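The hints should help you fit chain W onto chain V, whose structure is shown.
There are 2 protein chains.
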Amino acid sequence: MARHTASFPVAGWVKHYDKQSFLSDLIAAVIVAIMLIPQSLAYAMLAGLPPEVGLYASIAPLIAYALLGTSSTLSVGPVAITSLMTSAALAEVAQQGTADYLTGAITLAALSGIMLLGFGLLRLGFLANFLSHTVVSAFITASAVIIALSQVRHVLGIEAEGDNLFELAHAIGMQSNNANFYTVLIGIATLSFLFAVRIWGASVLQKAGLSARGAELAAKSAPVMGVIATILLTVRFELEARGVAIVGEIPTGLPSFAPPVFPLELIEMLLVPAALISIIGYVESISVGRTLGAHRQERVNSNRELVGLGAANLASAFSSALPVTGGFSRSVVNFDAGAVTQGASIYTAILIALVSMLLTPALYFLPKATLAATIIVAVLSLVDLSIIKKTWRYSRSDSFALLITIGATLGFGVETGVSCGVATSLALHLYRTSRPHIAEVGLVEGTEHFRNVRRYEVKTVPEILTLRVDESLFFANASFLEDEVFLKLSSQPAIRHVILMCSAVNEIDFSALEVLEELNRRFEEQGLALHLSEVKGPVLDRLHRTAFMDRLSGNLYLSQHQAFRDLCERFHYSALAGQP
Amino acid sequence: MARHTASFPVAGWVKHYDKQSFLSDLIAAVIVAIMLIPQSLAYAMLAGLPPEVGLYASIAPLIAYALLGTSSTLSVGPVAITSLMTSAALAEVAQQGTADYLTGAITLAALSGIMLLGFGLLRLGFLANFLSHTVVSAFITASAVIIALSQVRHVLGIEAEGDNLFELAHAIGMQSNNANFYTVLIGIATLSFLFAVRIWGASVLQKAGLSARGAELAAKSAPVMGVIATILLTVRFELEARGVAIVGEIPTGLPSFAPPVFPLELIEMLLVPAALISIIGYVESISVGRTLGAHRQERVNSNRELVGLGAANLASAFSSALPVTGGFSRSVVNFDAGAVTQGASIYTAILIALVSMLLTPALYFLPKATLAATIIVAVLSLVDLSIIKKTWRYSRSDSFALLITIGATLGFGVETGVSCGVATSLALHLYRTSRPHIAEVGLVEGTEHFRNVRRYEVKTVPEILTLRVDESLFFANASFLEDEVFLKLSSQPAIRHVILMCSAVNEIDFSALEVLEELNRRFEEQGLALHLSEVKGPVLDRLHRTAFMDRLSGNLYLSQHQAFRDLCERFHYSALAGQP
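Heads up: the protein sequence lines correspond to chains V and W, in order. Here my numbering is used: position 377 in the first sequence is 416, and no number is missing along the way. Here my numbering is used: position 224 in the second sequence is 263, and no number is missing along the way.
Careful: at least some of the hints might be erroneous.
As the list makes no split between identical chains, a pair holds if one copy fits it or if it spans any two.
[Claimed, not checked] Calculated pairs, DSBU-like style, for lysine-lysine (alpha carbon to alpha carbon, straight line, at most 30 Å): (1) K575 / K428; (2) K54 / K527; (3) K498 / K575.
Hints were generated in silico from the structure; no laboratory data involved. Computed from a predicted model, the values in this text were never measured in an experiment.
Same shape as in the complex, but just chain V (with noise of 0.2 Å):
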């Protein structure tokens, strides 16, 4: 267990390393890269870039997290969320296919990588917990619908373009009747194809024969398959002639590889969709690994995991290609296939390498809407509907933020989608965090226990007030309690003592104790007296250094049970049984 506690994590696998595992990872880099093939084209055409962009980003950054990540599995290159992204954030400062809009992708795979390897050194990797799943969740579902709904154009053959819902189903419908036949003929057969595979591929090939995890991979060459065969017809009866959009020229060899060059200007653009690009990536990222970790036992570092992701990103710019992140898909099928270390991912970027500097002539007559259909039934499987149901019944603030960004995200595009859902999440937070669980106390008859007086029958005395506090006092809830217990004293005139029960007060930070301080000055002037009870050791040796607990009004109880009975002996109060 623990696997990965050196500083450079490829030292712990390449030590062990044996023949064994050899043929496993290059198996399942063998099985990976051909499902990547279609997949890298795929997501570069959906992030509006040449083909070959995608290959790139699927060479260098796989061998960059392949050193530097912590999940033996993970598989990093371009995924459809942060293409779609990618695709948003540059449609504001260029052109697609112009060599700035290219420049815009690297400055975005460079900012991206910069931030993300800036947060793993600072460890600051528990900030992604601020995202809420449940916002994470929203986002990709209806980033899905979009990402489906875009590519609807390429399996028509029309022009159809736009950021959100509106856009883009008003657009396919004006253009719809210039469809091109062989182009609908194309994309439909490819998507019924993927479609049919996926839902019976796997069985049927169990029947046939193969293994339960066999036929489950073998199910996953069918984009591939579409690839092989689409071309073939392509090039059999010239469709290309006939209107239907094909891939065209993809440059062969390797990309150069180059330290990326941009403008001032266009990192200032770029600054905020680059940081979201890297939030929902390493969010994404991470849940992928956590996932995969958990199978086997592999804990999975969430600052290691920034500075590996950071780096793949980094070697994307170098490359000249865009943003990349850990894919879910991709990543289940290396770790399906077997792959044992992240060795697989080297070997999947040889493959890689090898395909871009011998095989991208055959990709020629490649149909876009064969790309279309493989990205359309792959989004597809991340809509998950049943979410909004369950958030509904379980609570209304988490669907509230739930149905928030699925709204922005389909109304306003992925950007706004995304911002509100990090808003949101952080709005909620706030909140929750700001009003500490205050209850007022009373003795359980017969014990020495306190509870809540709204929940038990308990006994109390009209002169104490005990507050139980349940949470640590800081700064942005230690005014809700100073509001407390002002409410309390004006509608229970009578009280002379306040007790503060701090079992669960784990910390009073500086702003918190100028609260105390200031609740002590105020009772001192209205002849009332502060008491605390149940103080915890650090807290109380914290506390000790300052001047408060000289100027306290009242007494330090050690128990809860001793302040009350010691008040209620030396003011001859009596107590009162009262109703739960």
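Relative to chain V, chain W alone:
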């Protein structure tokens, strides 16, 4: 108590208003007005605006707040910090002295008014809690230093502007040879007089026979005496001809009360500065209101305060003036002078209006050095360096936030300073709340209590891990719990049962529920059982609405002791005594 429960706060005091209250309010109004005249002119100058703008900001805004605010003694108007922030924001959009500059100030007031009003109506007052008091103190101290330095040029009669400590110090150093002798004379004399009155004034006047409060209040008229004396000196010795800069002509009359008009791009440029001014202004104001309110058992409602301050800023925008907020010194004077209700502010506004209509010609020869001296003496009382030492002794993370804020404000100016402060507050808050306190607990022998294994001598069982979660579980901290669980599992391989003791868990949100489901799923795969104990009623009700409870690999126990005993009995585990 709880005086302002009416939905329109003004109704509270108007009903019971009598002659005694009227007289008290009127006396307070006269004293505040005398203090406000030089202060209003000075803060307009600090903001880079014509002097009459300061007077205008002290008329309608006071009335707006009097009608809608909840504090009975808060006095609103231009204050030092927001005036400095106004000047910093406007430096980027227009040249001082131009019409555009004034339009900028009006836009800031209008935006600030709309924001505050909006936050108040949406009941978002709690958001101000996220600006830690430590950060605000640091910001005010550093800003006061910048303000004092920015006024040195008026005392020396030179040109020396800048946004931060270095720029100001450099500019003053470069220009100090050009100081004007008579200006320096006026400036130093006024400074000495004001400082002397501040230090010895009250005690001298008390010895001369005034009551303690009377002496305090009389000492507050020092700035007006300085104004009168230096005007007389300037006229008598024709100092204007000798190079002493004077205020010059101030238009006589009231501001034309008109809806502000401003270009859209100005709004875009000033949105962030307006937000910062609103936040700082609100936080300063509410803390003054609360401090004074405490002396009268008066509750200041944060959302109502937002509405009151929002209305005051809109009134300021309609009067062609600058952003306003509740000021500390003026409110204290109002309180000390015996103001009983917001009637005092209304009379103050009427008095300032009379000054604007009748007395402005008398201010023609007022030296700017006098106003600068007034500002310097006023803001230096805001400098509180003791807080650095106090926080350092108390908590390193608080003093880190403090030093970042002071450093950023001094080094880069107020906007960067307050942004860094807000960001540091939020980052610290997010960091703390994302790591809930989770303790591994064991049985205290001879009792039914479970305590932290690190602090107490408790009994544990190698096969059972009990974790007590000391906070509600939600998206920001749920994955931390997951990490903790797997960390324990990897270091204690004997564990077969994990009990989550939920006595301090007040809420489990949907994202946290998903984490628990995932934990449960993984536990099943690994042959482990997940148990829950001491789950609170409302939390359990909600969990029962999901499939989680049915799928739970272990059991639900009412008490932790029951859970521990049951598992030990069923599986014949025997407890080991541990060391603390």
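Verification of the supplied hints:
1. Taking identical chains as interchangeable, the C-alpha atoms of K575 and K428 lie at most 30 Å apart only when they sit on different chains, with a minimum of 24 Å there against 42 Å within one chain.
2. For a Cα distance limit of 30 Å, the shortest separation of K54 from K527 across copies, 27 Å, qualifies, whereas the shortest one inside one copy, 66 Å, does not.
3. Taking the closest pair of Cα atoms, K498 and K575 come within 30 Å of each other both inside a single copy (25 Å) and across two copies (21 Å).
Comparing the model with each earlier hint shows no violations; every hint is respected.
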